[in-house]
Structure formats: structure tokens, C-alpha cells
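J.: Here is what each chain is made of, one letter per residue.
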Amino acid sequence: GESVGLHLPTLSVQEGDNSIINCAYSNSASDYFIWYKQESGKGPQFIIDIRSNMDKRQGQRVTVLLNKTVKHLSLQIAATQPGDSAVYFCAESVFNAGKLIFGQGTELSVKP
Amino acid sequence: GAGVSQTPSNKVTEKGKYVELRCDPISGHTALYWYRQSLGQGPEFLIYFQGTGAADDSGLPNDRFFAVRPEGSVSTLKIQRTERGDSAVYLCASSLGGVGSKNIQYFGAGTRLSVL
Chain Z
1 GESVGLHLPT LSVQEGDNSI INCAYSNSAS DYFIWYKQES GKGPQFIIDI RSNMDKRQGQ
61 RVTVLLNKTV KHLSLQIAAT QPGDSAVYFC AESVFNAGKL IFGQGTELSV KP
Chain B
1 GAGVSQTPSN KVTEKGKYVE LRCDPISGHT ALYWYRQSLG QGPEFLIYFQ GTGAADDSGL
61 PNDRFFAVRP EGSVSTLKIQ RTERGDSAVY LCASSLGGVG SKNIQYFGAG TRLSVL
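Chains as they are written, first to last, in this note's numbering: chain Z, 1 to 112; chain B, 1 to 116.
This is chain B alone, in the form it adopts within the complex (with noise of 0.2 Å):
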């Protein structure tokens, strides 16, 4: 079946506008990973859900970030007044399960965030 799917793979924004990033994860997979990789670094953790909810957003750097997954499925990661310092590559993965189970997760390419 289909992998982890991001839209768009690039996103050019000016500092203060408000982006959105989508992803669609494997099919029966029931928790979904958030995570931001900077140039030369490893991917660094924002949040993690299992099924609807966030069962964990510690990494969430402060409230401009915010992420939903209303039904389970698809998620998207809502940025607020951009600033040039979020620029990355925004990751997400998903799991066939979350707490208890193997975590093995699956990535995606990724969304390209350039704030000019």
C-alpha cells in the first residue's frame, strides 16, 4: 500500500502569515508523529498522536504551533505567524500502534518550510 503521505512537499510563506501542513498516514495506522529536522540535524519530536488525540506535545516549541487529527486519520500542523526561524523540513510518521507496542515508524519526504 501507499506510504506516509505530506502536502505540499514545499512551502514558501512570509514571516507573520499562517501555514498548514498536511498528512495522510498508512492505512490502519493508528498513531501519527510530528517531527521538524533543521539542516545537518536529526529529526527533533513536536507531537505524537494516538487516534484522535495528542498523547503527547511536549515538543510543540510554544502556542504558535498547534496540530489536529479530527478523525483519526489525516493530520495537519497549523503555524501560526511564521517566523524565519521555522524554517525546516516538517516530518511526519506513523506507527501501527503507540504506547505498548512496536514503534516502528514509517516517515514520509517530508514538507519544505521556507519563511522568507
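The shape of chain Z in the complex, shown without the other chains (with noise of 0.2 Å):
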């Protein structure tokens, strides 16, 4: 499982590159997921959601893919802007079963 405290994973991309989250999950009966962005001082912010009888899911300059195999989700963002600047979580939830569990969360920043 993922390691908890204080220092979050940070990635550090360059405004207009592309820019990859990973999060690995541990719960092999999930069936639905989600991503989500927080910024300082404010709640989570839906992104995008998979379900399992998926492994690619697109929105507007965002993929999520989903690798049960290996029990792993990444975020894809495309044109990464300044405003892309937050923290952002997985989420998984068996669907019926209504909670939600985070990971841990990487810190995304992005330089004009």
C-alpha cells in the first residue's frame, strides 16, 4: 500500500507538456473510480470516473486509465495549464457500497 505523511508526491511539469498522475489501489473488489483536484483552501473537485468494465475513459484534456491487473489508475492531462496547479486524488468505491477511499494525493505544479 502507499506510505502516509506529511510530503505529498510532487510532480513538476512545464506550462503546455502533458503531465501523467499515477495512483495504485488496493482493493480488488472496486469496480468504480474517480479523480479528483483540491486546491488550497477548498473541497475535492470532481475531474472524471471509470468503472471497472473500462480501462480508458476520456474528457475534455483528460484520460483516465485503468489497469486492473495490476490494480493501477493514472490521470492524464493534456496542455497542462497553470490552473492545473492542485493536489489530486484517486478514489475507489465498491459501487454499491457508497464510501469513498482516497490515496494519498500527488501535488501537481505546473511552471508558465
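Everything labelled a hint here was simulated from the structure, so no lab data went into it.
Since we're looking at a predicted model, the values are computed, not measured.
Every residue, glycine too, gets a C-beta built ideally from N, C-alpha and C.
Heads up, some of the hints might be wrong.
[Unchecked claim] Computed Cβ-Cβ distance ranges for the label pairs, DEER-style:
1) Pro112/Z x Gly16/B: 25 to 35 Å
2) Pro70/B x Val70/Z: 23 to 33 Å
3) Tyr18/B x Gly41/Z: 41 to 51 Å
4) Lys68/Z x Gly40/B: 26 to 36 Å
5) Arg51/Z x Gly53/B: 25 to 35 Å
6) Gly28/B x Gly59/Z: 16 to 26 Å
7) Asn18/Z x Gly53/B: 26 to 36 Å
8) Pro8/B x Val70/Z: 18 to 28 Å
9) Asn67/Z x Gly72/B: 18 to 28 Å
10) Lys42/Z x Lys17/B: 18 to 28 Å
11) Val70/Z x Leu116/B: 44 to 54 Å
12) Ala78/Z x Arg84/B: 25 to 35 Å
13) Gly97/B x Asn27/Z: 20 to 30 Å
Make the complex out of the two chains shown on their own, each in a separate frame, by following the hints.
T.: Right, dumping it as C-alpha cells:
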């Protein structure tokens, strides 16, 4: 599992580059996954979700990839902008269980 | 329409005191969730309501924590005999449905609780 601590993994990218944020999930029974973006002082904001019967889903500038074999989730952000700077969390759930289990989070820093 | 609203945005209290945190979900959302977020970590689940009833309270850390949703809309998280370790941001989320439906949870900005 992921280590827990005060220091988040950090990804630093140049404006205009593509970003890839990775997440390992823990529960083989999880069948629904969500990516959230959290800016300082705000609550998590929904970005994109995917169910386990899919391995890829695209949104506006974002793509989520799911690899159930290795329990890995990734978020790709195309043409990263300074406004994308935030902490990104993946979350997993069993579809009919309600609660979300969040990963540790990755801090994305975009340099202009 | 309005998003999830949480009040107060900040709460400072003394060790041993009682606090109440309020959450107004998005209108029409039947499911409501409470999470707690410590610095540098992801939100941790506390309790989930479907309508007026607590469908899952497995995340409540101990019996000092209690939550209600008497009319199936507004919810109050209650913490008795607060301890310094309770200091965190308490987040509320709501979704259209709970069990068996797509579970996109929309979050409020949170209440930052500081126990001195």
C-alpha cells in the first residue's frame, strides 16, 4: 500500500506539457474509481470517473486509464495549464457501497 | 444551483468542549457523506446517510463522534469532549443516490476545526 505522511509526492511540469499522475489502489473488489482535484482551502472537485468494465475514459483534456491486473489508475492531463496546479486524489469504491477510499494524493505544480 | 454548503468555515475550540458542524447538501441529493482530512492526506470516510438513516457509520473513530440527518437534507456532525487530535478539515459531500447508483460525490469547502 501507499505510505502515509505529511509530504505529498510532487510532479512538476512546464506549461503546455502533458502530465501523468499515477495511483495504486488496494481493494480488488473496487469497481468504481474517481479522480478529484483539490486546490488549497477548497474541497475536492470531481474531474472524471471510470467503472471497472472500462479501461479508458476521456474527458475534456483529461484521460483516465485503468489497469485492473496490477490495480493501477492514471490520470493524463493534456496541455497542462497553470490553473491545473493542485493536489490530485484518486478514490475507489465498491459500486453499491457508498463510501470512497482516497489515495494519498499527488501535488501537481505547473511552471509558466 | 448551489453546491454543498458547510458552516462554519472555521471553528476554534478548547479541549473538552462540544462542537457541531453543519452541512447543507445539493438540493435533491439523497446521499450525504462526512469525511475528515488531515494535513497532507486524503479524505477519510466517517459516515454515510441515505435519506435520514445512517447507511454506514464504520468510519466514526469512537463514540465521541455522532451525526444526524433528521429530515433527509441538512446534516450535523457532533463531536463531544473534543481532543487535540480531532483537529482536521471536516468535509461533507452529497450525491444523487447512494447504493446501486453512480456515485459522483460533490464536496463542500469543509470546516477547519482547531482544538486548542
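J.: Now, for every hint given, state plainly whether the structure supports it.
T.: These are the hints, each one checked on the structure:
1. Pro112/Z x Gly16/B: 25 to 35 Å: The hinted range 25 to 35 Å is violated for Pro112/Z and Gly16/B, with Cβ atoms some 48 Å apart.
2. Pro70/B x Val70/Z: 23 to 33 Å: Violated, at about 45 Å.
3. Tyr18/B x Gly41/Z: 41 to 51 Å: Check failed, 26 Å falls outside 41 to 51 Å.
4. Lys68/Z x Gly40/B: 26 to 36 Å: 29 Å, holds
5. Arg51/Z x Gly53/B: 25 to 35 Å: Distance hint for Arg51/Z, Gly53/B holds at roughly 26 Å.
6. Gly28/B x Gly59/Z: 16 to 26 Å: The hinted range 16 to 26 Å holds for Gly28/B and Gly59/Z, with Cβ atoms some 24 Å apart.
7. Asn18/Z x Gly53/B: 26 to 36 Å: 45 Å, violated
8. Pro8/B x Val70/Z: 18 to 28 Å: 43 Å, violated
9. Asn67/Z x Gly72/B: 18 to 28 Å: 39 Å, violated
10. Lys42/Z x Lys17/B: 18 to 28 Å: Given range 18 to 28 Å: holds, Cβ gap about 27 Å.
11. Val70/Z x Leu116/B: 44 to 54 Å: Given about 45 Å between the Cβ atoms, the range holds.
12. Ala78/Z x Arg84/B: 25 to 35 Å: Given a distance of about 44 Å, which is not inside 25 to 35 Å, the answer is violated.
13. Gly97/B x Asn27/Z: 20 to 30 Å: Given about 21 Å between the Cβ atoms, the range holds.
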